[in-house]
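Novice: One letter stands for each residue in the lines below.
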Amino acid sequence: MELTKQDHTDIGFEFLMHRLEIITPYGKDRYLHQKPYLPGEEDRLEEELSAVQFFYQLDPIVTRRISGGLTPFKDIRRSVERLSHGGVFDEVEFYEVKHFCYYSEALRELVSELNNPRLELRPSDEIFQLLDPQANRRLTFHFYDQYDPRLEGLRSDKRRLDRLYYQDSGDLVAMSERGKVIAQLDEVTWEVRQKLSHQLRPYVELLKNNMKVVARIDHWLAKATLGKQFHGIRPELQKTVQVSQMRNPWIEAILREKNRVLQPIDISLDKGCTVLTGANMGGKSVSLKTLLLNVELFRHGYYVYAGTARFPLFSYVSYQAQDTGSLEQGLSSFGREVVLLRELMKRKHQPGLIVLDEPARGTNPSEASAIVTALCQNYREANSMLLMVTHFPGVARVANRHFQMSGLKLDTDTIRDWSERESEEALAYLERQMDYRLMEVSADQAVPHEGIRVMQFLGMPEPFIDTIKHYLGDKNDETKS
Amino acid sequence: MPNRLLQAESVAIVGLEKNTGKTTFLNYLIEQNRAGQRRLALTSIGYDGEATDLVTKTAKPRIYVPGGTLVATARRLMKRCQVEKDILLMSGIPSALGEIVIFKTLDDGFVELAGPGTIEQTKLLKTMIQQLDRDALMIVDGALSRLSSAGHGLAEKIVLCTGASVHPDQATVIQQTMLAVRLLQLPVVWLEDDVMQAFTNNDYVIAGEDIRSGKFAGPLEISQILQAVKKSDDLIGINGVITQAMMNEILSYEDLENIRLIGQDPTRFFLDQATYDRLVRRNIILQVLQSSELAMVVVNPYAPKGPGFGPDFLETLTKLITVDVIDVRRQ
Chain V
1 MELTKQDHTD IGFEFLMHRL EIITPYGKDR YLHQKPYLPG EEDRLEEELS AVQFFYQLDP
61 IVTRRISGGL TPFKDIRRSV ERLSHGGVFD EVEFYEVKHF CYYSEALREL VSELNNPRLE
121 LRPSDEIFQL LDPQANRRLT FHFYDQYDPR LEGLRSDKRR LDRLYYQDSG DLVAMSERGK
181 VIAQLDEVTW EVRQKLSHQL RPYVELLKNN MKVVARIDHW LAKATLGKQF HGIRPELQKT
241 VQVSQMRNPW IEAILREKNR VLQPIDISLD KGCTVLTGAN MGGKSVSLKT LLLNVELFRH
301 GYYVYAGTAR FPLFSYVSYQ AQDTGSLEQG LSSFGREVVL LRELMKRKHQ PGLIVLDEPA
361 RGTNPSEASA IVTALCQNYR EANSMLLMVT HFPGVARVAN RHFQMSGLKL DTDTIRDWSE
421 RESEEALAYL ERQMDYRLME VSADQAVPHE GIRVMQFLGM PEPFIDTIKH YLGDKNDETK
481 S
Chain B
1001 MPNRLLQAES VAIVGLEKNT GKTTFLNYLI EQNRAGQRRL ALTSIGYDGE ATDLVTKTAK
1061 PRIYVPGGTL VATARRLMKR CQVEKDILLM SGIPSALGEI VIFKTLDDGF VELAGPGTIE
1121 QTKLLKTMIQ QLDRDALMIV DGALSRLSSA GHGLAEKIVL CTGASVHPDQ ATVIQQTMLA
1181 VRLLQLPVVW LEDDVMQAFT NNDYVIAGED IRSGKFAGPL EISQILQAVK KSDDLIGING
1241 VITQAMMNEI LSYEDLENIR LIGQDPTRFF LDQATYDRLV RRNIILQVLQ SSELAMVVVN
1301 PYAPKGPGFG PDFLETLTKL ITVDVIDVRR Q
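Going line by line, the protein sequences match chains V and B.
According to my numbering, the stretch in the first sequence is residues 1 to 481, in order.
According to my numbering, the stretch in the second sequence is residues 1001 to 1331, in order.
Among the hints, a few may not be true.
[As the list claims (entries may be wrong)] With a cut-off of at most 27 Å between alpha-carbon atoms, the simulated DSS-like pairs for lysine-lysine come out as follows:
#1 B:K1079 <-> B:K1123
#2 V:K180 <-> B:K1123
#3 V:K271 <-> V:K228
#4 V:K271 <-> V:K208
#5 V:K195 <-> B:K1079
#6 B:K1079 <-> B:K1126
#7 V:K208 <-> V:K28
#8 B:K1079 <-> V:K74
#9 V:K35 <-> V:K271
#10 B:K1123 <-> V:K74
#11 V:K74 <-> B:K1319
#12 V:K74 <-> V:K239
#13 V:K5 <-> V:K228
#14 V:K28 <-> V:K74
#15 B:K1018 <-> B:K1230
Derived by calculation from the structure, the hints in this document are not laboratory data.
It should be emphasised that the depicted structure is a prediction, and the values quoted were computed from it without experimental measurement.
Please build the complete structure, drawing on both the sequences and the hints.
Specialist: As structure tokens, then:
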């Protein structure tokens, strides 16, 4: 029911997530566990967006310093988990906790200047002091003599015996003495490890809390940086969808390679069914993807890419892309669609969002037209928002709202001039003449017959065009009410 | 003699085979530094640990280091380093035995080394060690017993260990040692900028009156470039390893002579003595772009199995080799 990984790739969500600059293993974990906020969690989403906004508005010099402060963190979650279950640390683990405390203290100082209670780390001096009995604040660790009065003596014995053993490996007395001392030293070290682990155990909650704060700072900063990178804005919450000048950085990036630009989109959705019609030049699918991308960003607590953007929280978001795979065409793909629709209709009363790109393409047009019209009718009173692209005439009449792609701006005079030109050139020109903006139109605004204009433009013989118009006239007579 | 080694920036100790006395020499080198002239930083490429050699079941010498030595070894070997250690840095470099830890010894004791598996990671480790102590002498134990751990400009100087464990026949060992020495002493060339650039960006370059370069269509596609070589050409450069099979292919072109064959560094050449001799007869000259200085050859006339070699082994090698040759056990 929710968008799949493939959908996320197709709408450009993955593209943006790949550009998310997460620094710490903690931030990475928070990112990997991100879930959409659901209706009822509006306050939590606002909280998240406010935090992102805070980083968005920070001076770049400060954010760079915070990035630097995040860089040294290593993953000690498994060690800390082990400690909480009674595990005993080895020297490397003590070192790693010391390392963690050192850098969380440094980060704490860095962010404390920002006076934002969300970013507050708890002081970990006490832990650091346990691991720094010589109080020299060096970022190294060993089992210091201070940990046990027996250590110093045993170590000096071992040093002496090692030397003897090394100089004469046949000195059996030295060898057996050395063995005893090493065994004693191992015993004392084990006691030290147990004692020190025991002393650290009460701080497990503090450490875990600080890991969470580090994770949040990291993820928020990454979200803010991503927002800046593509000039995003903070989305607002409201009961309906209302966006203007909406963009899709992924599609923009693809188009930029082809020296083309994406026209920003305005659209509004209410509960019930909204129909999108317009010329058959691909712009509608892009509009759907752009909307979906921004909805997904919004409900995951990211900045969105638009001039203004207001959304409600959805309990689910579902997307049926246009069927492009020829292998699955026909009844099997239609069957799949039916299964999806059947499931979706059970959740009609929920505040969800359903986006369908030309539904029922897999069946014959007269049947399909009826199916799509009925679907639209069915959602008129629904709590979910249904947005669908369709070519079938008459569907819009039963919809709550109707948007149309502005379409071709061809004036008939240019048609003759261009018909003799090279096809590629003509196609490029045609594309430039497309206006991808969406305009809200009346429910009974006819589906535009731009196919014929395109055929004329591309130089189809006039008698053939006339024949088409003849049949179109018949058809229109049949269907017009 | 090893005192000169103690002035180097970095030393790699490599063996022609296992049990050629690498660790004995390492201990000897450490002993020479007993007065503490240099701070030592030890690591290895890979691991051939265990107190006894798993392959030959002979007791292996352990490394005994003084306090103040930097040691980079794998986390799971920490316990076996019977020495007080101050952990300085977790390197983030993985190995089969866990992350590589850099610690400083606080007193004398035995350590075991297991370093990163690749040259690139070892280079990274070297950078970290140099950041911890700019003046430390980095010693890399080429634990993999392959010449390749000497390559890629990792260390400034190389010590080559050879001995009776390489082969029971002394003449064979001398021949193999000499071949290794010749490769390690291949002349380093400076190429003209345009040739160098073509070399760096491609799999091969051929230069003479003009410069031709390109990528190999597939592995070992050397015939593709050999067909393009003209009489007037001066050099063939090949990026990556140059195997025995490629050498055979080169030698099968009977017109190919009086030309330079250039590899990145000595460890890229894989060939036997017969092939080397045939190259010499055809005046095909092997050269390299970079190389470490072969500083010393260490011989171990004892073998874990068999009688070992007599004093003439050392004598012969001393006569044949221009750099110092020592028998580490007689020092």
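Novice: Against this structure, judge whether each hint is valid.
Specialist: A quick look at each hint next to the structure:
| no. | hint | in the structure |
| --- | --- | --- |
| 1 | B:K1079 <-> B:K1123 | holds, 25 Å |
| 2 | V:K180 <-> B:K1123 | violated, 40 Å |
| 3 | V:K271 <-> V:K228 | violated, 32 Å |
| 4 | V:K271 <-> V:K208 | violated, 43 Å |
| 5 | V:K195 <-> B:K1079 | holds, 19 Å |
| 6 | B:K1079 <-> B:K1126 | holds, 23 Å |
| 7 | V:K208 <-> V:K28 | holds, 15 Å |
| 8 | B:K1079 <-> V:K74 | holds, 22 Å |
| 9 | V:K35 <-> V:K271 | holds, 23 Å |
| 10 | B:K1123 <-> V:K74 | holds, 22 Å |
| 11 | V:K74 <-> B:K1319 | violated, 55 Å |
| 12 | V:K74 <-> V:K239 | violated, 42 Å |
| 13 | V:K5 <-> V:K228 | holds, 25 Å |
| 14 | V:K28 <-> V:K74 | holds, 12 Å |
| 15 | B:K1018 <-> B:K1230 | violated, 43 Å |
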